[in-house]
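Residue numbers (my numbering), protein chains in the order written: chain H, 97 to 162; chain R, -2 to 258.
Treat the hints as calculated values from the structure; they're not laboratory data. Ideal placement from N, C-alpha and C gives every residue a C-beta, glycine not left out. Incorrect hints may have been included.
25 angstroms max Cα-Cα, derived SDA-like pairs, lysine to any residue [claimed, not checked]: (1) R/LYS41 - H/VAL120; (2) H/LYS98 - H/VAL120; (3) R/LYS41 - H/VAL110; (4) R/LYS41 - H/THR111; (5) R/LYS41 - H/GLY103; (6) R/LYS41 - H/GLN148; (7) R/LYS186 - R/GLY159; (8) R/LYS113 - H/PHE136; (9) R/LYS41 - H/ALA119; (10) R/LYS138 - H/LEU137; (11) R/LYS120 - H/ASP107; (12) R/LYS120 - H/ARG134; (13) R/LYS120 - H/PRO138; (14) R/LYS41 - H/PHE136; (15) R/LYS167 - R/ARG239; (16) R/LYS41 - H/LEU118; (17) R/LYS120 - H/LYS98; (18) R/LYS41 - H/PRO105; (19) R/LYS41 - H/ASP107; (20) R/LYS41 - R/SER156; (21) R/LYS41 - H/VAL125; (22) R/LYS41 - H/ASP151.
Selected chain H positions facing chain R (Cβ under 8 angstroms, derived; list incomplete) [to be verified]: (23) LYS98; (24) ASN102; (25) LEU118; (26) PRO146.
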Amino acid sequence: MKIFLNGLPQDFEVTATVQDALAVCEQAVGPFAVALNREFLPRSLFAHTPLQEGDHLDLVVPMQGG
Amino acid sequence: MDFSIAGSTLSSRLWIGSALYPSPAIMQQAIRASGAQVVTVALKRQSPSRQGGQSFWATIQELGCHVLPNTAGCRLAEDAVNTAEMSREIFGTSWIKLEVIGDDYTLQPHPFELLKAATELVKRGFTVFPYCTEDLILCQKLRDVGCPVLMPWCAPIGSGQGLVNAFALKTLRARIPDVPLIIDAGIGKPSHAVEAMELGFDGVLINSAIALAHDPIEMARAFSQAVDAGRRAFLAGTMPPRNFAQPSTPLLETPFWSGKE
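Just chain R, with the same shape it has in the complex (with noise of 0.2 angstroms):
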């Protein structure tokens, strides 16, 4: 179940944060377990006390994935338009994770601050991700200006609370047919992403759920098969929801059936 994006041609529809991890070692053979290709990355001011980027890098190399620079910790478009560049210089991809903070406590996208970044973006040649609400307008306006994918969260990142707002979801997906959504943020757990993958979204970014599990690996395991399962419900089409019973063994001529309602 191939699919391409950003000009890629990915096999998993499965991506992956790197943070939050118990160890280095955990994070990698998590990550691998995941089957991902798409590996999410942050970057931070070197602490004059600290070293420790080159071998967070070095770990992330030896993986062989698609790298996600982000913009973590941007709360303008500014901020974010230089952290996009620092990111392109080391990591040298042109993709970014466009993330631009309005709010503190809910970690929501500023979605006039993510625009105006994006559309900077887009001109100075960076395939933009932005992390965005599931707001149409706000979505369809950022695939406007160039946005080649949209992630849109399904609830508040770290929270684990699964399609808080599912009609939401389902009308952006009806509404953007034709650009790939990938939901980020906001899935605690398997099942939230099968629900995702069986409204027909195009893949989910995973990190809080999975690094934060009793064991991130076998839980990465049960991500890749919940992923898995829940696009191949979408593609078979799952049945119409009914009001009432409908039995599935055929009652006429069963030796009881009265044939009275």
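Here chain H stands alone, though its shape is the one from the complex (with noise of 0.2 angstroms):
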């Protein structure tokens, strides 16, 4: 299934976790955190939450703020 990685299309088994997707992802090292189709996916949950075809997932990292 496709599935939206910080708004990039990719490829994923059909029964994979946020989790997996996770575990492939480069960018999930460091402090990060996430969000599934715009809602905060606390980090307990990874491993539990299904993916669905057409999910977006972002991950999103600190920066400069004023």
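Take each chain as given, in its own frame, and dock them per the hints.
The following block contains the structure:
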């Protein structure tokens, strides 16, 4: 199935969870948090949240701000 | 001149942003030079082709300051709430500088979405520092839903215009005497910070005016002194203005005093 990881389409197994997707994601290092379809997903739920076709998974990281 | 804010004791009333500096090294030196103990940060979606969040966060952590994450870029309460949740997980703090923008040209806070987001975040256990306009009723409502600090603008973000509506800011201070008020956005130079502090505001948050200065490190020192001077002046009590001259030297018995008007 295809999901959008930080806006880019990527293929995953139909049984993939959020944790599976993050395991192959180079950006998932250091401090980061995740939004699934624009909603915050706590780290504790990564392994228990299955992905579905067309999902948008976004990783956010710290940046400069005022 | 320590003061307590949201359960933390701070000795500096100057808060500082981490954006727009010429380099991370200059940012770090400017923040140190400012003496600020509260630094604002933000979140961005990680670009697949660029890293950087980790090194930035390490640079900020070295400073040992309180981190105040913002919700920049949000236009809806729901997005601001989700951004706040992600910030809390990454930065390990319940402090959140709540920004919900209603107009792209002025970057004016959206009062209704802001209040909605603040209400929800307080319920979720956040310590909400709302970036708001100087509107008295909005500020009273934000206080009433549990915001322990209010952060009114004095002019649009990055404009450097200073206190464009000093009357409303004075009114705000007078009507909300018991909640810390930190001026956020619009200050362009140290004299603006002095003016805000002389009015009795509890602090100022500066980013562009320091980061965009020719010498950000020296400007950080200038703002530090300005905030201190303004606070001392407020505590000392400024003299009331008069419409006519009043000699500072007693004229009676001076050699050529005529005694006539």
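A quick look at each hint next to the structure:
The hinted pair formed by R/LYS41 and H/VAL120 meets the criterion: a straight-line CA distance of about 20 angstroms does not exceed 25 angstroms. Distance check on the hinted pair: H/LYS98 and H/VAL120 sit about 14 angstroms apart at the alpha-carbon level, within 25 angstroms; holds. Using a Cα cut-off of 25 angstroms, the hinted pair R/LYS41 and H/VAL110 is violated, with the two alpha carbons roughly 28 angstroms apart. Between R/LYS41 and H/THR111 the alpha-carbon distance is near 29 angstroms, which puts this suggested pair outside the 25 angstroms criterion.
Under the criterion of a C-alpha separation no larger than 25 angstroms, the hint pairing R/LYS41 with H/GLY103 is consistent with the structure, at around 13 angstroms. A hinted pair counts as satisfied when its Cα atoms are at most 25 angstroms apart, and R/LYS41 with H/GLN148 qualifies at roughly 24 angstroms. Of the pairs offered as hints, the one joining R/LYS186 and R/GLY159 holds, with about 8 angstroms between alpha carbons and a cut-off of 25 angstroms not exceeded. Pair hint R/LYS113 plus H/PHE136 holds up; C-alpha atoms about 18 angstroms apart against a cutoff of 25 angstroms.
A hinted pair counts as satisfied when its Cα atoms are at most 25 angstroms apart, and R/LYS41 with H/ALA119 qualifies at roughly 20 angstroms. At most 25 angstroms may separate the alpha-carbon atoms for a hinted pair to count; R/LYS138 and H/LEU137 exceed this at roughly 30 angstroms. This hinted pair does not check out: R/LYS120 and H/ASP107 have alpha carbons roughly 38 angstroms apart, beyond 25 angstroms. Of the pairs offered as hints, the one joining R/LYS120 and H/ARG134 holds, with about 20 angstroms between alpha carbons and a cut-off of 25 angstroms not exceeded.
Taken as a hint, the R/LYS120 and H/PRO138 pair is honoured in the structure, with Cα atoms around 18 angstroms apart against an allowance of 25 angstroms. Restraint check for R/LYS41 and H/PHE136: satisfied, since their Cα atoms lie roughly 14 angstroms apart, inside the 25 angstroms limit. With a C-alpha separation of about 19 angstroms, the suggested pair R/LYS167 and R/ARG239 falls inside the 25 angstroms cut-off, and the hint holds. A hinted pair counts as satisfied when its Cα atoms are at most 25 angstroms apart, and R/LYS41 with H/LEU118 qualifies at roughly 17 angstroms.
With a C-alpha separation of about 36 angstroms, the suggested pair R/LYS120 and H/LYS98 falls outside the 25 angstroms cut-off, and the hint is violated. Only pairs whose Cα atoms come within 25 angstroms are accepted, and R/LYS41 paired with H/PRO105 is accepted, the gap being roughly 19 angstroms. The suggested pairing of R/LYS41 with H/ASP107 holds, with an alpha-carbon distance near 24 angstroms, which does not exceed 25 angstroms. Between R/LYS41 and R/SER156 the CA atoms are separated by roughly 23 angstroms; this keeps the pair inside 25 angstroms, and the hint holds.
For a cut-off of 25 angstroms, the pair hint linking R/LYS41 to H/VAL125 stands: about 15 angstroms separates their Cα positions. Pair hint R/LYS41 plus H/ASP151 holds up; C-alpha atoms about 19 angstroms apart against a cutoff of 25 angstroms. Below 8 angstroms, beta-carbon pairs count as interface contacts, and H/LYS98 has none with chain R, the closest being about 16 angstroms; its hint is therefore violated. Proximity of H/ASN102 to chain R holds as hinted, the smallest CB-CB distance being about 6 angstroms (cut-off 8 angstroms).
At about 11 angstroms, the closest approach between the beta carbon of H/LEU118 and any beta carbon in chain R exceeds 8 angstroms, and the interface hint on this residue is violated. Interface hint status for H/PRO146: violated, as the beta-carbon distance to the closest one in chain R is roughly 20 angstroms, over 8 angstroms.
Going through the hint list in order, the structure does not satisfy hints 3, 4, 10, 11, 17, 23, 25, 26.
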